[in-house]
Amino acid sequence: MIPAPFDYTRAGSVQEAISLLGADPDAKVLAGGHSLLPAMRLRIARPTMLVDIGRLTDLSYVRQDGDRIAVGALTRHHDVANAEVLQQLCPIVAHAAGQIGDPQVRHMGTIGGSVAHGDPAGDLPAVLLALDAEFVAEGPTGTRTVAAADFFTSLFETALAPDEILTEIRVPKANAGWSFIKFQRRAQDWAVVGVSAVRSNGGVHVALTNMGLTPLRATGVEEAVTGGADPATAATHADEGTAPPSDAFGSAGYRRELVKVLVRRALEEASA
Amino acid sequence: MATTEQYVGRSILRKEDAKLIEGQGTFIDNQSMAGMVWMELVRPPYVHAKVDSVDVSKASNMPGVIGVLTAADLDDAFPAGLPMVWPITEDIKIPTHWPLTKDVIRFAGDAVAVVIAESRAQAEDAAEEVVVEATERPVVLDLEEAAKDQVVLHEDLGTNVVVHWSHGGGGDQTIFDSAPVVVHERYSQPRLIPNAIEARGCLAYGIPAAGEYTLVSATQIPHIARVALSIATGIPQSKLRIIAPDVGGGFGSKLNVYAEEALALALARRLGRPVKWIEDRQENYVATIHGRGVIHDCTLAGTEDGKILGLKFVELADMGAYFQLLTPGIPELGGWVYMGPYDVEAYWYEFTGIMTNATPTDAYRGAGRPEATFVIERLVDAFARRIGKDPAHVRRMNLHPPHADAQTSIMGLQVDSANYEPTFDRALELVEYDQMRKEQAARRESGDAKQIGIGLSSYIEMCGLAPSEILGALRYVAGGWDAAEIECRPFGKVVVRTGTSPHGQGHDTSWSQIVADGLGITPDDVEVLHGDTAVSRLGMDTYGSRSVAVGGEALRQAVEKVKEKARIIAAHELEVSEDDLEWTDGAFRVRGAPDKARTIPDLATSAWHAHSLPKGMEPVLEGTAVYDPPNFTWPAGTHVCVVEVDTETGKTDILRYVAVDDCGAVINPMIVEGQVQGGVAQGIAEALYEEAVYDESGNLMTSSMTQYLIPSAAEIPDMTLDRTETPSTTNALGVKGIAEAGTIASPPAVINAVIDAVSHLGVTDVGKPASPERVWRAIQEATKGSPGVSGGPGGATPGRQEGGAS
Chain V
19 MIPAPFDYTR
29 AGSVQEAISL
39 LGADPDAKVL
49 AGGHSLLPAM
59 RLRIARPTML
69 VDIGRLTDLS
79 YVRQDGDRIA
89 VGALTRHHDV
99 ANAEVLQQLC
109 PIVAHAAGQI
119 GDPQVRHMGT
129 IGGSVAHGDP
139 AGDLPAVLLA
149 LDAEFVAEGP
159 TGTRTVAAAD
169 FFTSLFETAL
179 APDEILTEIR
189 VPKANAGWSF
199 IKFQRRAQDW
209 AVVGVSAVRS
219 NGGVHVALTN
229 MGLTPLRATG
239 VEEAVTGGAD
249 PATAATHADE
259 GTAPPSDAFG
269 SAGYRRELVK
279 VLVRRALEEA
289 SA
Chain U
4 MATTEQYVGR
14 SILRKEDAKL
24 IEGQGTFIDN
34 QSMAGMVWME
44 LVRPPYVHAK
54 VDSVDVSKAS
64 NMPGVIGVLT
74 AADLDDAFPA
84 GLPMVWPITE
94 DIKIPTHWPL
104 TKDVIRFAGD
114 AVAVVIAESR
124 AQAEDAAEEV
134 VVEATERPVV
144 LDLEEAAKDQ
154 VVLHEDLGTN
164 VVVHWSHGGG
174 GDQTIFDSAP
184 VVVHERYSQP
194 RLIPNAIEAR
204 GCLAYGIPAA
214 GEYTLVSATQ
224 IPHIARVALS
234 IATGIPQSKL
244 RIIAPDVGGG
254 FGSKLNVYAE
264 EALALALARR
274 LGRPVKWIED
284 RQENYVATIH
294 GRGVIHDCTL
304 AGTEDGKILG
314 LKFVELADMG
324 AYFQLLTPGI
334 PELGGWVYMG
344 PYDVEAYWYE
354 FTGIMTNATP
364 TDAYRGAGRP
374 EATFVIERLV
384 DAFARRIGKD
394 PAHVRRMNLH
404 PPHADAQTSI
414 MGLQVDSANY
424 EPTFDRALEL
434 VEYDQMRKEQ
444 AARRESGDAK
454 QIGIGLSSYI
464 EMCGLAPSEI
474 LGALRYVAGG
484 WDAAEIECRP
494 FGKVVVRTGT
504 SPHGQGHDTS
514 WSQIVADGLG
524 ITPDDVEVLH
534 GDTAVSRLGM
544 DTYGSRSVAV
554 GGEALRQAVE
564 KVKEKARIIA
574 AHELEVSEDD
584 LEWTDGAFRV
594 RGAPDKARTI
604 PDLATSAWHA
614 HSLPKGMEPV
624 LEGTAVYDPP
634 NFTWPAGTHV
644 CVVEVDTETG
654 KTDILRYVAV
664 DDCGAVINPM
674 IVEGQVQGGV
684 AQGIAEALYE
694 EAVYDESGNL
704 MTSSMTQYLI
714 PSAAEIPDMT
724 LDRTETPSTT
734 NALGVKGIAE
744 AGTIASPPAV
754 INAVIDAVSH
764 LGVTDVGKPA
774 SPERVWRAIQ
784 EATKGSPGVS
794 GGPGGATPGR
804 QEGGAS
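Just so you know, the protein sequences line up as chains V and U, in that order.
Going from the first sequence to the working numbering is simple: count from 1 and add 18.
Going from the second sequence to the working numbering is simple: count from 1 and add 3.
It should be emphasised that the hints constitute simulated quantities derived from the structure, not laboratory data.
You may find that some hints are simply not true.
Partial list, derived from the structure: chain U residues whose beta carbon lies under 8 Å from chain V [as the list claims (entries may be wrong)]:
{"#": "1", "residue": "101"}
{"#": "2", "residue": "121"}
{"#": "3", "residue": "123"}
{"#": "4", "residue": "404"}
{"#": "5", "residue": "471"}
{"#": "6", "residue": "656"}
{"#": "7", "residue": "702"}
{"#": "8", "residue": "704"}
{"#": "9", "residue": "714"}
{"#": "10", "residue": "718"}
For every residue, glycine included, the Cβ atom is placed at its ideal position computed from N, Cα and C.
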């Protein structure tokens with residue numbers, strides 16, 4: 019239960035953090051620590067260096083920025099959940115952040131950490147995918163913006179380079195119909211299957227949690243809805259293109275059937 | 004302070020809580036000593052393998068490492084293996100169980116070496132560097148496969164089938180063939196991991212030159228551990244002290260004597276330095292005992308109108324890879340309650356204990372009785388379905404008639420007292436049974452995706468362990484008595500030394516209430532000491548809902564001894580004969596002149612300064628009682644659960660939970676309610692969430708709290724609790740015990756409710772735990788004739804890491 023030996027540096031700025039990461043290929047960024055530290059205690063993760071960005075408080079904010087809402091990567095889940103601008107203009111993000119883990123987790127875990135960890139079972143990645151969010155990354159050569167659709171590349175892997183740091187998440191205004199369904203065994207668990215649905219320009223965006231190596235868009239469902247299908251019919255496409263895991267929470271086969279029920283319910287709720 | 008106030012029966016707040024709430028408890032991991040070193044066990048990543056070599060050379064040279072020792076290095080440290088104290092039959096086959104395995108790794112918790120280092124981190128780092136070469140052997144986990152002996156765990160025993168015990172039966176056995184209705188069912192119950200909130204840990208130290216040693220251990224049983232560890236280490240009992248400090252729960256998992264305790268003592272002796280070991284949660288999941296892991300073939304003989312004539316159970320029980328302290332006795336402990344609260348004419352129970360490549364099983368809250376109650380109550384529901392009767396009706400018509408005195412039951416032991424019908428009726432009233440049935444009918448009528456089910460469970464349990472004579476007849480090596488000492492200090496305060504060893508039960512408070520009422524003082528005047536063999540010399544510790552029924556009664560008897568002596572001093576001081584005194588309003592008073600009185604604080608002071616005691620009387624006011632119960636106690640009750648099952652997803656929500664228990668007289672109702680709430684929560688966990696799952700190679704897949712689903716407060720419903728009080732005839736307090744009732748009663752209540760919710764769809768069976776997938780599959784199978792999708796439930800992918808969501 020004690021991590022393998024490692025070095026630790028507290029970064030004073032994003033630039034310093036980037037250069038520390040560049041100097042050690044086995045360094046890891048420490049933000050809220052709620053995924054990394056347990057893995058280190060189990061000695062599954064053995065970084066040689068932790069670059070602690072937890073005190074870069076200028077990365078903690080939620081503000082309106084033109085037609086988008088910008089969320090600093092170090093914003094804690096609790097603050098995301100309680101941000102009025104999100105509650106009014108993009109309520110699914112605030113709501114989903116309020117469903118993560120338990121109050122202790124929400125006071126430590128950060129939106130940026132949740133996204134950069136690339137966990138397909140995490141709550142926020144699928145929400146942000148459904149919203150077509152943009153992720154702002156800063157590296158040694160400057161800043162770039164990555165679309166959510168391009169960001170999640172595989173299990174615990176993202177488009178971030180080893181010496182890049184996620185600094186901001188940008189979401190559109192989306193306060194028409196929406197639904198966030200997290201099917202879970204216990205209140206503090208990851209979703210067995212999760213569904214995020216957001217109405218947009220007459221159609222609906224649907225993204226799935228824990229149905230593959232990354233969060234996934236249910237494009238078959240979206241196309242069916244655009245084509246005029248009712249929720250029950252559209253939902254039969256929910257498992258198309260998915261590759262769900264089998265684990266103690268449920269088999270892949272069960273998840274494939276479960277996702278159809280949950281997508282139907284999400285479509286009904288989003289259009290209600 | 005002398006008082007006339009009465010405390011027994013009142014929900015006074017727990018006096019032990021302040022230090023625990025304020026973080027001033029002294030749990031094992033709060034303790035450290037100068038010169039202390041850390042012990043880490045090397046448990047190689049094998050489940051079943053012949054050890055070819057253990058190379059400690061690299062680990063031995065790691066920073067901070069004092070030594071790395073294998074079984075061979077410790078050959079002379081242990082004159083005997085770890086004791087198992089309940090050889091339940093003459094021909095039981097007992098595997099040798101060394102603290103470190105000498106040849107074969109038989110389960111994931113088997114250690115081959117220990118690392119001793121200056122810090123815990125250094126010990127963990129070095130343990131990773133011990134290189135173990137081993138030849139893997141086939142793994143056997145399935146009970147029926149293991150019984151075939153194609154893979155034998157202990158070659159010297161020649162078989163995995165190590166014990167067979169039969170109750171011997173009662174009544175006419177032909178009824179199981181000849182009855183008008185005969186129901187056969189098979190139920191299996193998975194392994195469970197006890198999950199005390201504090202894992203195990205110990206600290207051993209001593210004076211080697213004097214041969215004296217102390218072990219501080221997170222244990223339920225300091226007194227029993229003293230005997231057992233003396234045998235294992237060769238340290239004489241006279242030179243071995245065991246201390247149970249504040250202990251963070253046990254649920255039976257600390258009713259044991261473990262390899263790590265023996266190792267810590269042996270290493271403290273060898274090194275002359277204090278040795279500390281703290282178990283981490285991953286270790287706890289493989290190295291601390293498991294519970295349950297049984298399969299029952301069940302037969303009910305009955306009539307078409309609902310009379311239960313006979314109950315018969317043949318059980319296979321998973322012993323795991325070794326015997327721990329009580330392993331083979333656990334199924335037998337349930338073997339006396341397979342009639343439930345019902346009045347049956349025929350009884351049969353037998354079990355076979357089988358070794359498998361998994362963690363040893365042993366007592367887990369309820370120990371044998373939850374296993375029994377689960378299968379009885381499932382079977383009664385199956386019977387009710389078969390004959391088309393309401394399960395409440397069937398239960399009620401079969402309840403054993405009331406008896407105020409002890410009466411011999413069909414299984415051969417005497418039940419102390421019984422009055423089941425009021426308990427049963429109250430439970431149905433509180434849950435609004437008829438109303439719930441109407442709502443169920445309406446939901447079924449409407450075809451709602453969410454359906455309602457109602458589940459009942461009526462139980463009887465055997466507590467107050469135990470009459471020593473019966474334990475002897477059952478081949479248990481120790482007795483079942485307990486002891487209490489009361490020391491009345493001058494000026495009013497009282498010190499109690501109890502042989503029970505609480506680890507969350509609130510004995511400090513309940514015991515104070517008993518003494519306060521007995522001696523006419525307040526609970527705050529009473530200090531209760533326990534959990535240290537040098538402080539409370541005599542005792543048999545805490546498990547099996549025994550503490551108040553045995554230790555509490557011993558305390559009551561010690562109170563009487565104090566009062567016998569105090570009465571003599573009072574008569575002497577008041578210059579009357581003893582017969583002229585009566586104990587009223589918290590003092591000895593002269594009959595007819597109640598103002599002429601002496602309180603216990605008065606008399607304790609007199610006995611202490613001893614200025615003017617009756618001639619020949621020894622100074623000081625004390626009383627000691629050692630009490631051997633003449634019988635067990637037999638709590639009973641009825642629980643009813645109402646669930647809502649989402650038939651599209653299989654998810655179950657509990658809408659109502661009613662528990663009406665009869666644990667005899669009650670010392671502190673708040674503590675009783677807490678025990679019931681916790682027990683029911685643990686039983687709901689068993690019914691809906693918890694299960695130890697292994698992959699085909701024998702690796703525990705549910706290896707952390709992320710995968711092993713302990714429900715949180717958010718998953719546990721509000722409960723409606725009530726009691727009836729049928730006093731026990733076994734002890735003068737009239738108490739029966741309540742610590743296991745919730746865990747015994749609730750799993751079948753919940754499972755019966757889940758099945759009831761979807762029985763109209765054709766579902767007749769859902770296994771434990773009734774996970775959404777299991778329920779969903781059962782519905783698919785019943786309605787479509789197939790399990791819906793290919794592949795079994797569960798299955799295995801690499802586990803998620805610990806912690807909350809990302």
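Verification of the supplied hints:
no.: 1; hint: 101; in the structure: 26 Å, violated
no.: 2; hint: 121; in the structure: 13 Å, violated
no.: 3; hint: 123; in the structure: 6 Å, holds
no.: 4; hint: 404; in the structure: 43 Å, violated
no.: 5; hint: 471; in the structure: 42 Å, violated
no.: 6; hint: 656; in the structure: 12 Å, violated
no.: 7; hint: 702; in the structure: 13 Å, violated
no.: 8; hint: 704; in the structure: 6 Å, holds
no.: 9; hint: 714; in the structure: 6 Å, holds
no.: 10; hint: 718; in the structure: 6 Å, holds
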